[in-house]
Amino acid sequence: MIVADKKPIEEIIDMVKGYQKILIAGCNECVTVCEAGGKKEVGVLASALRMYFMNEGTKMEIDEITLERQCDHEYLEEIRNSIDQYDAVVSLACGVGVQFMAEKYFGTPLYPGVNTCFMGVTEERGVWSERCQGCGQCILGRTAGICPISRCAKRLLNGPCGGSTKGKCEISKDLDCAWQLIIDRLKELDRLDEYEEIAPIKDWSTERAGGPRRVVREDVRQ
Amino acid sequence: MRLKYPDTIRIIRVPCTGKVDLLHILRAFEKGADGVYVVGCMEGDCRFDNGNLRARKRVAQAQAILDKVGVGGERVKMFNLSSGEGPRFAEYAVEMTEKIEEMGPNPIKIAMQKAA
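Quick mapping for you: the protein sequence lines, in order, are chains A and B.
The first sequence maps to residues 1 to 222 in the numbering used here.
The second sequence maps to residues 1 to 116 in the numbering used here.
Bear in mind the hints are in silico, worked out from the structure with no lab data behind them.
It is possible that some hints are incorrect.
Straight line, CA to CA, 30 Å or less: simulated DSS-like cross-link-like pairs of lysine-lysine [said to hold, decoys possible]:
#1 B:77 <-> A:7
#2 A:168 <-> A:154
#3 B:114 <-> A:59
#4 B:77 <-> A:39
#5 A:39 <-> A:59
#6 A:21 <-> B:114
Taking beta-carbon pairs under 7 Å as the criterion, some of the chain B residues facing chain A (in silico) [stated by the list, open to error]:
#7 22
#8 23
#9 26
#10 30
#11 65
#12 68
#13 69
#14 70
#15 71
#16 107
#17 108
#18 111
For each residue, glycine too, the CB sits at the ideal point set by N, CA and C.
Whole structure, please, built from the sequences with the hints as guidance.
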């Protein structure tokens, strides 16, 4: 899932002050799972903002909605008939959802309520970590299912480097060396001979370095 | 026991403090409550394992938010006691009431009255 973190309330207050009626729009997908922008977080933010502006003596009307997704036309269409009544929208979706809403509702000021961080997993409740950088050329089949692009600080294709000590990365003693994990798992799978194969130079043009990306599937396109 | 405790307190019963949500606490302040305290079982004695520990986290979350919006995080507090400690329940009620009286009314309540 896409992992996001809540923006500080002060930052959101700063963005919306000056408006009189705003909509806080959550998203029922990834940001709900990582507890940053789901229905509950929408409720909490709305309640906090109501209290703040009431306390300041500023008139501010705040409505709440949580869409099934903000990265698909059909769900964003649900607010088509009501969006014009708002001076601004705070979207608690990831950066994808915020942008898609901005594209769709061109004339409505839109602000992000979360900081979108990465594609990752829930290690335990309250702890999320990165697993994929969407490089467009998946090599997990060669690396025992552990991604050196997202989990090695240097994104090494033939690791580890000299900074690996007792299974930890030199940038942090709390960070596992991805290549140590790869070697350990290859050993477990009895495939350690594959480690000897030198990985070819990666085509980075499918990664972000090649500019904004697009997937076009003519087989399903309508 | 016929214990006395302040009659300004409204008790809301929940099956476990793990049921108390951050939104419940915030809404209480939004509606004008001067203070909220959550009374749970002793830590380690939760029948549902971690209900009171979850409540403690939510109380801390509420405190942080109330501080940021100018209501005051000290208006919300978590207490732990066992079901056999009636006198302590009354003590906590007095302690919390005194604390709130010292802090004065919820500023939201005052602002709402002004706006009306």
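Status of each hint after checking the structure:
With a CA separation close to 25 Å, the supplied pair residue 77 of chain B and residue 7 of chain A stays within the 30 Å bound. Using a Cα cut-off of 30 Å, the hinted pair residue 168 of chain A and residue 154 of chain A holds, with the two alpha carbons roughly 13 Å apart. Restraint check for residue 114 of chain B and residue 59 of chain A: satisfied, since their Cα atoms lie roughly 12 Å apart, inside the 30 Å limit. Proximity of residue 77 of chain B to residue 39 of chain A is assessed by CA-CA distance (about 25 Å); at most 30 Å being required, the pair is judged to hold.
With a CA separation close to 24 Å, the supplied pair residue 39 of chain A and residue 59 of chain A stays within the 30 Å bound. With a C-alpha separation of about 20 Å, the suggested pair residue 21 of chain A and residue 114 of chain B falls inside the 30 Å cut-off, and the hint holds. Of the supplied interface hints, the one on residue 22 of chain B holds, with its beta-carbon coming within about 6 Å of a beta-carbon of chain A, less than 7 Å. With 7 Å as the threshold, the beta carbon of residue 23 of chain B comes within range of chain A, its nearest partner Cβ sitting at about 5 Å, so the hint holds.
Because the closest C-beta pair between residue 26 of chain B and chain A is about 4 Å apart, less than 7 Å, the hint holds. Among the interface hints, the one on residue 30 of chain B holds; its C-beta lies about 5 Å from the nearest C-beta in chain A, closer than the 7 Å criterion. Of the supplied interface hints, the one on residue 65 of chain B holds, with its beta-carbon coming within about 5 Å of a beta-carbon of chain A, less than 7 Å. Hint status for residue 68 of chain B: holds, given a least beta-carbon distance of 5 Å to chain A, under 7 Å.
For residue 69 of chain B, the suggested interface contact is upheld, since its CB lies about 4 Å from the closest CB of chain A, less than 7 Å. Of the supplied interface hints, the one on residue 70 of chain B holds, with its beta-carbon coming within about 5 Å of a beta-carbon of chain A, less than 7 Å. Taking 7 Å as the C-beta contact cut-off toward chain A, the hint placing residue 71 of chain B at the interface holds, the least distance being around 6 Å. Given the 7 Å rule on beta carbons, the hint for residue 107 of chain B holds: about 5 Å separates it from the nearest Cβ of chain A.
Given hint, residue 108 of chain B at the interface with chain A, holds; its Cβ is 5 Å from that chain's nearest Cβ, closer than 7 Å. Against a cut-off of 7 Å between C-beta atoms, the interface hint on residue 111 of chain B holds, since the closest Cβ of chain A lies about 5 Å away.
Of the hints listed earlier, there is not a single one the structure fails to meet.
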